[in-house]
Amino acid sequence: METFRILIVDDEDDFREAIMKRLRARKMEVAGANSGPKALEMLDEQEFDVIVLDVKMPGMDGIETLRAIKQKKPLVEVIMLTGHASVESGIQGMQLGAFDYVMKPVALDDLMDKLRQAYERRVLQLEYGRKNI
Amino acid sequence: MTDSTPHLPGQESWPGLWHHLAVYGSSWLVAMLAIILGMFVSLLLGLVAALAAGLSFLTIHRLLRQKAVADQEKHLVDEQLLQSQKLAALGKLSAGLAHEINNPLAIIRQEAEWLLFLCRQSEPLDMTEAISGLRQILKQVDRSREITTNLLNFARRQQPIVQAVNLNRLVGDMVRLVAKETEQRRITVVTQLAPDLPSINSDAPLLRQVILNLLNNAMQAIDQDGTITISTQPTEPEAILIQIHDTGCGISKELLPRIFDPFFTTKPQGKGTGLGLSICHGIIERLGGTITVASEVGKGSTFTVKLPITLTPKEI
Ligand SMILES: Nc1ncnc2c1ncn2[C@@H]1O[C@H](COP(=O)(O)OP(=O)(O)OP(=O)(O)O)[C@@H](O)[C@H]1O
Ligand SMILES: [Mg+2]
Chain A
1 METFRILIVD DEDDFREAIM KRLRARKMEV AGANSGPKAL EMLDEQEFDV IVLDVKMPGM
61 DGIETLRAIK QKKPLVEVIM LTGHASVESG IQGMQLGAFD YVMKPVALDD LMDKLRQAYE
121 RRVLQLEYGR KNI
Chain B
1 MTDSTPHLPG QESWPGLWHH LAVYGSSWLV AMLAIILGMF VSLLLGLVAA LAAGLSFLTI
61 HRLLRQKAVA DQEKHLVDEQ LLQSQKLAAL GKLSAGLAHE INNPLAIIRQ EAEWLLFLCR
121 QSEPLDMTEA ISGLRQILKQ VDRSREITTN LLNFARRQQP IVQAVNLNRL VGDMVRLVAK
181 ETEQRRITVV TQLAPDLPSI NSDAPLLRQV ILNLLNNAMQ AIDQDGTITI STQPTEPEAI
241 LIQIHDTGCG ISKELLPRIF DPFFTTKPQG KGTGLGLSIC HGIIERLGGT ITVASEVGKG
301 STFTVKLPIT LTPKEI
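Residue numbers (my numbering), protein chains in the order written: chain A, 1 to 133; chain B, 1 to 316.
Only chain B is shown next, with the shape it has when bound in the complex (with noise of 0.2 Å):
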C-alpha cells in the first residue's frame, strides 16, 4: 500500500476540491481567499465601528443621564428652596394673620353689638350714630379684605402686576440712582435708549429689580475703570430688547451654565449671595420674556433680557 491515508467514505470529493482547484487554476483560489480576507476585514470593521457607536452611544447615553440627574437635582433644590421659603413666609403669615383678622373682628363685633344696642332703645335712633357704625363696620370689611387679597396674592406667588411701562425711562431711573456709586468707581455708564421704544405692558418694579441686579454685576466685574453701557432696542415679533454690557472681568465657559443656579457665587462670603441672577431669571421668566448671556474673560459680558411687548396676565 503506497497509500498511507485512511481513506472514509464520503470525503472522495475533498481531494476532488483541490484536483479540480489545481486543474482550473490557483486564480481561483485566490479570488476565493481575497472574498474570504475580504468579508473577513470588512466584518471586523463593522464590529469596531459597531463597538465604537456603541460606546459613543453609551458615552452620548451617560452624559444625558448625567444632564438629566443635574437637571433634576438643581430643580429639586429650585422646588426645595422655594418650598422652604414659602414655608418660613407661611409660618410668619399665619402667625400675622390670626392677630391682623382678629383685629377687625373685634372692631365689628363691638359695633354691631352698639348698634344692637341702640335699636332696642326706646328713644328714636340717633342717625349719626347709627351711621358712624356702620361705617366703621365697612372700614373693617376693607380691611379684612385687603388681609385676604394679600393672602391670595401669596398664593399666586406674586403674580406681576400689568401697567403701561416706559422702558427707557426705567433704565434711566436706575442708572441715575446708581450713578454716584459708578462715578466713585470711575466706570461710565452709557445708555443707547431707542427713541422709537414703544411702551410696553409689564411690571414695573420688577423689571427695576432686575435692571439694578444687573448692573450691580456689571459694576461688580468691573471694580474699577470701565465701562457699562445699556441699551434698548425694540426687535422682532411684538418684542424689546435690553442689554447690559459691562468691560469687567468675563466669565469663563466653564461657569457659565451655573450662573443662573442658585446661589451660585464666585464672590467672596458676604459679598454676594448668589441669588442676583436666579432672581432675575424667575422675574423674567413671569414677565413672558428670556434672559441670555453672552461673555469672554478678560473681555466682558453682555446680558440680553427679552420682553414681550404685551404680557397677558395668566389666571391660576
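Looking at chain A on its own, in the form it has when it is part of the complex (with noise of 0.2 Å):
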C-alpha cells in the first residue's frame, strides 16, 4: 500500500507516541506535536497529508488549530480525534473542513481506514487543481 505523510497533534505524550509506533508498524509516514502551534511550525516545514489532531487540548484546542491548519493548507486532510463531542462542535469541525471525527479510544483498524480515505480525498483534489489549472 501506499505510504503516506501523518502527523499526529496530541497533548498526551504516551497516547501520541502509542499511535504513532502503531501507524509506523503498517510503515506510514508518522511524526508527532504535543500541541496546536508546534503543530503549525511543523506544517511550515514540512509537508503532510492527513493531520491527526486531538479536540481537548490545553491552551490552543483543536478546533482552533483546525482553523489555523486550513487556513495555512486548505488542502491537508484532518481528522478529529475526540472522546465525544457535543453537536455543537461536531459541526463546527464539519464546518470548518475537517474530515471526519474519530472516537477515543481508536481502533487502529477504524483509524487506518479513515486516514486512507482523507488521503485518497487529498489526491483527488490536488488532481483536480491541477487538471484545471
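No false leads were mixed into what you were given.
List of simulated lysine-lysine pairs, DSBU-like, C-alpha gap at most 30 Å:
1) A:70 <-> A:56
2) B:139 <-> A:70
3) A:56 <-> B:267
4) A:70 <-> A:27
5) A:21 <-> A:70
6) A:104 <-> B:180
7) B:267 <-> B:306
8) A:56 <-> A:72
9) A:104 <-> B:271
10) B:180 <-> A:56
11) B:271 <-> A:56
12) A:104 <-> A:27
13) A:38 <-> B:139
14) A:70 <-> B:180
15) B:139 <-> A:72
16) A:70 <-> B:271
17) A:38 <-> A:56
18) B:67 <-> B:267
19) B:299 <-> B:271
20) A:27 <-> A:38
21) A:27 <-> B:139
22) B:139 <-> A:21
Please keep in mind that the hints were generated in silico from the structure rather than gathered at the bench.
Could you use the hints to bring the two separately framed chains together as a complex?
Structure representation (C-alpha cells):
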C-alpha cells in the first residue's frame, strides 16, 4: 500500500507515541506534535497529507488549530480525535473543513480506514486542481 | 274626434302588433317574455360568473405574483448572502494569497541565484549542492500549485469531491459522536440501517455536516425525553433515502415553507443562527439530491434526504 505523511497532534505523550508506533508498524510516515502551535510550526517546515488532531488540548484547542491549519494548508485533510463531541462542536469542526471524527479509544483499523479515505480525498483534490490549471 | 292619440306615419304597425298578439292569444306573449327574461337572467348569471372568474383569476394572479416576488426576494437575499460571503472570503484570500505566493517565489529566486553562482564558478559543479537546490525549487513550485489549486477550488465554490461512501457507517459514526449529548437529554436514538445498502459515490464530509445538523435540530426539537429514529434504505431508480424522525415539537404549517430559508430560526438569540437547514439544502442540492420535511405540531418531524447512488461531478 502507498505510504503517506501523517502528523499526530495530541498533548498526551503516551497516547501520541503509542499511535505513532503502531502507524509506523504499518509503514506510514508519521510525525508527532504535542500542541496546536507546534503542529502549525511543523506545517511550515514539512508537507503532510493527513493530520490527526485532538479536539481537547490545553491552550490552543483542536477547533482553533483546525481553523489555523485550514488557513495555512486547505488541502491537508484533518481527522478530529475526540472522546465525545457535543453536536455543536461536531458541526463546527465539519464546517471548518475536517474530514471526519474518530472516537477515543481509537480502534487502529478504523483509524487506518479513515486515514486512507482522507488521503484519497487529498489526492483527488490535488488532481482536480492540476487538471484545471 | 274620438281618437286623441296622434298617429304618426309608420307607427301603424304597433297597434297592429298588439292586435296581432290579442288575436293569436296571450301564450305567445308569455313565451316571449319568458325568453327575454330567461335571456336577461342568463346574461346576468353569465356576468356574475364572468366577474367571479375574473376576480378569482385576479386573486390567483396576484397571489402568484406575490409568490414570484417573494421567491425573487428570497433568491436575491440568497444571492446577496452568497455574494457578501464570497467577497469577505475573497478579501481574506487575496491578502493571504500575496503573502503565500511571495514566500515560495522568494525561495525559488534565492535557490536559482545560488545555482547560477555555482555554475559560473571555475571549479567543477558540486552535484549534491546543485541537486538540493533543484529539489528545493521543485518543492516550492508544488507549494505554489497547492495555493492556486485552493484558489480554483474556491472559485468553484467547493466542488464536491466524489468518493465511495458507506452511508450506514457514516450515520453510525455521527450517532456515536453525539451519543453522550443525547444520553444527557434522555433521548433514545434508534438506527434502522438497511443491511443491503449499496455504497454511494458522494462527498462524505459534506454528508456528515448534513447528518449532524439534522441530528442537532431533532435534539433541540425534543429537548428532553424522546426518540430520534434514523434510517437508511435503497430506493427506486439508483437512489438511497436517509430519514431522520424525531418526537419533538413539530413545525406548524405556516412556518414549514420557511425553514430552509437562510437565517430563519425560531430559536432564542444565541441558540440558533437559522443557517443549519439552508446549509443542508445547499449541500444536498450540490450532491444531486433532495431534502424534504413532513411535520405535525406536537407529534414530531421527519426529514428525508434522497441521494443518487452515483454523483457525476459537474465540470465548470
Ligand atoms: N426537527 C425539527 N423539529 C422542529 N422544528 C425544526 C426542526 N428542524 C428545524 N426546525 C425549525 O426550523 C428552523 C430553522 O432550522 P435551522 O437548522 O435552519 O436553524 P436553527 O436550528 O434555528 O439554527 P442553527 O441550525 O443555525 O443552529 C428552526 O429554528 C426550527 O424552528
Ligand atoms: Mg439547526
